[in-house]
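*Asks:* We have chain A already, so just place chain B on it with the hints.
Protein sequences appear in the order of chains A and B.
Numbers in the numbering used here are just positions in the first sequence, counted from 1, shifted up by 118.
Numbers in the numbering used here are just positions in the second sequence, counted from 1, shifted up by 28.
In short, the hints are calculated from the structure, not lab data.
For every residue, glycine included, the Cβ atom is placed at its ideal position computed from N, Cα and C.
Be careful, since some hints might not be right.
[As the list claims (entries may be wrong)] Partial list, computed: chain B residues near chain A (C-beta under 8 Å): (1) PRO128; (2) CYS129; (3) SER130; (4) ARG132; (5) ALA136; (6) MET137; (7) GLU140; (8) HIS141; (9) ILE144; (10) GLU167; (11) GLU168; (12) HIS176; (13) TYR177; (14) LEU178; (15) PRO182; (16) LYS338.
The primary structure of each chain is shown beneath.
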Amino acid sequence: MAEVKSRVNVYSKLTVVSSRPIEPGKTHRLSGLDQSMGLHTLHTIFYYRVNPFPNSDLTNHRASLSEHLSSYPAVTGRLARAEDGEWVVKCNDAGVRTLRAKVVTTIDEWLRSARGSEELDLTAWEDMPDDPSIWSPFRIQINDFEGGGLAIGLSCTHMHADLTSLISLVKSWAELHRGEPISHPPVFHRQLSSNTNTKSTECYAKQSKAEPLPQVKMATATFRFSNSIIKQCLSQIHVTCPGATPFDALAALFWMRILKLKPPGNNHTRKLSICIDFRRRMNPPLPLGYFGNALHFSQLSLNALDGDILGHVAATRLVHLHVAEVREEEIWSTIDWFESNRGQSMPLFRMYGSELTCVSLEHTIDVLGGENGNNDTCQSLMYEVMFKNDERPVHVSCHVGNVEGEGLITILPSSEGGLGRTVMVTLPEEEIDKLCEDEAILGLEPTMIMNGRK
Amino acid sequence: MPTPTVPEFSKSVKLKYVKLGYQYLVNHILTFLLIPVMLSVALQLVHTSPDDLLALWNSLHFNLVHVACSLFLIVYIATFYFLSRPRTIYLVDYACFKPPCSLRVPFAMCLEHARIILSSQPKSVQFQLRILERSGLGEETALPPAIHYLPPEPNMAAAREEAEMVIFSAMDSLLKKTGLKPKDIDILIVNCSLFSPTPSLSAMVVNKYKLRSNIKSFNLAGMGCSAGLISIDLARDLLQVHPNSNAVIVSTEIITPNCYMGNQRSMLLPNCLFRMGGAAILLSNRWSDKRRAKFRLVHVVRTHKGAEDKAYKCVQQEEDPEGHVGISLSINLMAIAAEALKSNITTIGPLVLPASEQLLFLFALLRRKIFKKKTKAYVPDFKQAFEHFCIHAGGRAVIDELQKNLQLSAEHVEASRMTLHRFGNTSSSSLWYEMSYIEAKGRMKRGDRIWQIAFGSGFKCNSAVWKCNRTIKAPIDDGPWVDCIDRYPVYIPDVVKL
Chain A
119 MAEVKSRVNV
129 YSKLTVVSSR
139 PIEPGKTHRL
149 SGLDQSMGLH
159 TLHTIFYYRV
169 NPFPNSDLTN
179 HRASLSEHLS
189 SYPAVTGRLA
199 RAEDGEWVVK
209 CNDAGVRTLR
219 AKVVTTIDEW
229 LRSARGSEEL
239 DLTAWEDMPD
249 DPSIWSPFRI
259 QINDFEGGGL
269 AIGLSCTHMH
279 ADLTSLISLV
289 KSWAELHRGE
299 PISHPPVFHR
309 QLSSNTNTKS
319 TECYAKQSKA
329 EPLPQVKMAT
339 ATFRFSNSII
349 KQCLSQIHVT
359 CPGATPFDAL
369 AALFWMRILK
379 LKPPGNNHTR
389 KLSICIDFRR
399 RMNPPLPLGY
409 FGNALHFSQL
419 SLNALDGDIL
429 GHVAATRLVH
439 LHVAEVREEE
449 IWSTIDWFES
459 NRGQSMPLFR
469 MYGSELTCVS
479 LEHTIDVLGG
489 ENGNNDTCQS
499 LMYEVMFKND
509 ERPVHVSCHV
519 GNVEGEGLIT
529 ILPSSEGGLG
539 RTVMVTLPEE
549 EIDKLCEDEA
559 ILGLEPTMIM
569 NGRK
Chain B
29 MPTPTVPEFS
39 KSVKLKYVKL
49 GYQYLVNHIL
59 TFLLIPVMLS
69 VALQLVHTSP
79 DDLLALWNSL
89 HFNLVHVACS
99 LFLIVYIATF
109 YFLSRPRTIY
119 LVDYACFKPP
129 CSLRVPFAMC
139 LEHARIILSS
149 QPKSVQFQLR
159 ILERSGLGEE
169 TALPPAIHYL
179 PPEPNMAAAR
189 EEAEMVIFSA
199 MDSLLKKTGL
209 KPKDIDILIV
219 NCSLFSPTPS
229 LSAMVVNKYK
239 LRSNIKSFNL
249 AGMGCSAGLI
259 SIDLARDLLQ
269 VHPNSNAVIV
279 STEIITPNCY
289 MGNQRSMLLP
299 NCLFRMGGAA
309 ILLSNRWSDK
319 RRAKFRLVHV
329 VRTHKGAEDK
339 AYKCVQQEED
349 PEGHVGISLS
359 INLMAIAAEA
369 LKSNITTIGP
379 LVLPASEQLL
389 FLFALLRRKI
399 FKKKTKAYVP
409 DFKQAFEHFC
419 IHAGGRAVID
429 ELQKNLQLSA
439 EHVEASRMTL
449 HRFGNTSSSS
459 LWYEMSYIEA
469 KGRMKRGDRI
479 WQIAFGSGFK
489 CNSAVWKCNR
499 TIKAPIDDGP
509 WVDCIDRYPV
519 YIPDVVKL
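Pulled out of the complex, with its shape left as it was, chain B reads as follows:
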């Protein structure tokens, strides 16, 4: 959808200052209103003498009963207020899986394998070549071992091995970083969309780390690339109910069983973009974790457009005419994503936007409705609400679309683009690689607000808002970016010549 064009005159410098003045005024309206009140009280105090004040005090007729009751009332109200507030959820730390270098998939190898395996279908090979050239991926993304074979051997044992490699590596890293003991984990949520064996992946984690027998474990499957934020939402709700607990979330996507072996174009895209990745996150509602936690969860907003048939069918896993199973992406995916995003923004806007932007939005809305002017909807300036944006690295098109719609600068989407380049589309864990990038660059300061947006099949658009709890100093010693952060950001051309 085209961006709402700002009238030319407002680009001038004078109006910029007017705009700034307006924002300050509206956002701090209460402070501004308070100043005259305080001034008048101060004036009053200056005019009254100490004797008058003493007389005023005596006239209140305080005695012990009054004081005691007032005190109890205050304490009672305060307790009620504190207890009825939702618990604060802290993100203590998270760890991302770093694939070993030997599982790297350079473009030349991708194409060579495609040409050897699909030697009878040169058109499919050409199509994949064109996708790779424009994909925005780099030469260091990784695929699981089973896909490196000629021909690929995507059997269940290999899928389990990949799951073990990714999940256990991320978990080990998380346990080391946080000093968490496996027996202390109260809630475990594992989300992996396309691989769901029995016993589940969460059972696999419980078995490996010998977690407690009364652990609350959940396994979310089939929920697409936005399942990471769905897990966060679930953990948040559980942590409201269970006091003094922590939750471990493992977000991953297992690529091995989903290698598409056919030649339908709509199903070849995931082959070219999806790569190995995974993340493990530790959430807690304990007061003792407040000091060391990296982030605080502020909002989670979930939008599901599945009620519309078009949105429901746009990402579909099915068999092609030859019987190969693959994920088919419909041609109007970007349009549906934009719709879902608009829906999500409408809900999240009032929660995060400063009053100035909300007023502007309201005025624009009124102008459209009342005066029936055919102006485009005003897109609020989210850059005032957030310092950092983590857009799911679903593909170059997704990032371009969101950058355009939300009017973000290149620096805002840098984390997403660089994650796509270095790690590819790692599905639900890509948001965590992007957070890790921002931290590795030393841009994460205390008080910064971060917006994570993820899209998924269904069609869903989920958002999470975090607030940084403590400044994270770079350089950091571990993490997936530790050996390559100095090379980033890289310039990614529109088309890479292969």
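Next comes chain A alone, as it looks inside the complex:
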């Protein structure tokens, strides 16, 4: 296969530091849950049609970024091994790597024709070397498109932050840049408590002893479902399952369709690992500005026979009940399990992907107006990231690095707002091609973004 020349040309690299010095000797302790995410990385890309930084000179947004980083000593620090072998962040004020790149196409052309893997060219990443003391765990890449578009790509290790933290970091930066008060100021620590074992911890214990999976090349596709279609779909579902969210409907749909694509296995259960954010499910709730991992993975399983018969509505119901059932004690017990098992040279396992994983970002969407989002203009956290007034991102992508195994489905809010959703699916290459042709999915009239096809 011919090597396609990358359309993204990186031309400069520098380090941005906070504008106020940090007191020496500060460290940021990573929680047990944070440490367990060590294998993965996070990448988000915000696309803007109009470049919100007028000078197109690095110094312009550097000033606001520097000021913003003063509130995040953990972001400008460097990873180091503590005495007990686990990772800790030394807040040594070293800064964040920032790169500048030019893309040879226009933003519309890119959104139409880029491949999923090519999108990662818009973010900067280097794998962590053995000695991470001069390695920046956060990287920002600012990409200029022909004709004036802009993409801001952020990458970080999953140990430092989850998707919500990363989005609220960028949102606060944008608010500072516009001179507005910050709606979700960062919070770095939370209380821990002790609790009992429940079924979630058992599955983690099992997973930690699981064998490594064979390496398969993965590919990503992005589907955008419009507000009206989802509304129509949900109105049918609400007959039997009132309260179902767009996440439930789409997760169930993709799960069922992907199950069909998988090679027929033996009589073992088909599992879906659902990843939800537990900030709002705690009592008292964690603020959205909590900087760190606040994810809870739980498993929904059904055996192979059921999987074939289950219709979309029934599957949606199953997902909905599962998500609603997750209780606070269960969340606490998994947190404790990670805390108690940290630093015991437990090999890190793949949180995403060893089973088909589905990530929900419903918590970032403010439901205004009626319960089922009657107000079509309700917006989500990520689409409120505006560096210039009223200049919303035209698209936001989120990738998780090092996803191996069965695959990952991420259900994100859409630029349209309301009930519209963007679904990013990462699967082994052959399965992605088949999924894009699947009739049930195409029945919902998705817009394919960045499917790499002319």
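*Replies:* Just chain B now, with coordinates in the frame of chain A:
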């Protein structure tokens, strides 16, 4: 050079009072001599009667011609005296450049970049680490944007941008503070040692501010860190010739083109110490500026040791064996600096020291020469001549050396140390940051005398003596120290653990 040890007995309290008495006597000798004269005249007057006085007055035979001639003579002598005096040079105000916070360079970033760029030369990185640990710099010094890149991009366009940022910012600040209109500037002197493009930086200023076409502009390049005082000296001489004029001096050092990319140890030191900075100063000889001027220039003394080869070669800009251009500092720099300082002190001493110190120096000199005693040279006590000292913040070693040689207390060198900590070595403009520190601390009172000392390549040691014209009240609303003066002075450890 070791300090001359004061004999133990003179440390006792009794002798301290003797010393004070001696100083008062010698410094006010004329007053003391005048008192007996006045007493005798008064005694005489008391003894003579009014009639005798009247008779004395009549005997002088004044008539109109005598009176008129005497008057003309007095007026003529007075005019001649006033006209032949050198014009007084006032420093109306000055402004320092405050670098934006986003250009801050913390130690961690410095070291990280060094380790990434010089990954094949760990010894150089270690050396730079050791320098930084002992440098006395803080975490808020700034480097220009081009040096923040990995790898640095020190091209000419970036150097011009840095020059524009620093110089225009300082000039804008000065124009605002003094209310000066650009068209009123008569003399412009810009000094920047290591960056000298064509058209010159002074032409850049003329272009930006649309200065008059008959402006007298000068651009001094290559003269090192003491060029600021050389510019002051030049301005003073020009203002003697041109009546009713003002002069704007811009002192800066442009760091961008001088980022050393090699690994010679003697050339790595400037990389670690030099930082962005600049100052703009307004001097005037107009009588109308006398009221609002902050300082009056009293003396400028320049000493050049370039005739000696060792001094000439001790700071040398050259190419290293790999072709990278850098500034090489020789190992005996401190010794040469001490020599140059001694030379400068010998010249400035008689101009500023009170008579008591000069006599002591003379006695010590005589004792050495005539009696051939092997005692060390007496270092006069300059603390009696000056209230404030601004020592060029060239590095911790320079300040330590001068503190030792001149027997200064920690408070005297506080301005220099804190400027080094907050702004780094900003070359010729560091003296102005130090003045600004003293003002921000509210220590500048009317009548205070300030001594600015700067060293530079060549090897030169230049001094300027200022007298404060009006008390400057703290807190001041602008200036480079406005947001951080409350945190100073800070304790700077000998070695910062990195």
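*Asks:* Decide, hint by hint, whether the structure agrees.
*Replies:* For each hint, the structure was consulted:
1. PRO128: holds, 6 Å
2. CYS129: holds, 3 Å
3. SER130: Holds: closest Cβ of chain A sits about 4 Å from SER130 (chain B), inside 8 Å.
4. ARG132: holds, 6 Å
5. ALA136: Holds: closest Cβ of chain A sits about 4 Å from ALA136 (chain B), inside 8 Å.
6. MET137: holds, 5 Å
7. GLU140: Status holds, d = 5 Å.
8. HIS141: holds, 7 Å
9. ILE144: The hint holds - ILE144 (chain B) has a Cβ within 8 Å of chain A, the shortest such distance being about 6 Å.
10. GLU167: holds, 4 Å
11. GLU168: With a minimum Cβ separation of about 6 Å from chain A (threshold 8 Å), the hint on GLU168 (chain B) holds.
12. HIS176: holds, 5 Å
13. TYR177: Check passed: Cβ of TYR177 (chain B) comes within 5 Å of chain A, closer than 8 Å.
14. LEU178: Since chain A brings a Cβ to about 5 Å from LEU178 (chain B), closer than 8 Å, the hint holds.
15. PRO182: Since chain A brings no Cβ nearer than about 13 Å to PRO182 (chain B), farther than 8 Å, the hint is violated.
16. LYS338: With a closest approach of 40 Å, the LYS338 (chain B) hint is violated.
Checked against the numbered hints given earlier, the structure breaks hints 15, 16 and satisfies all the rest.
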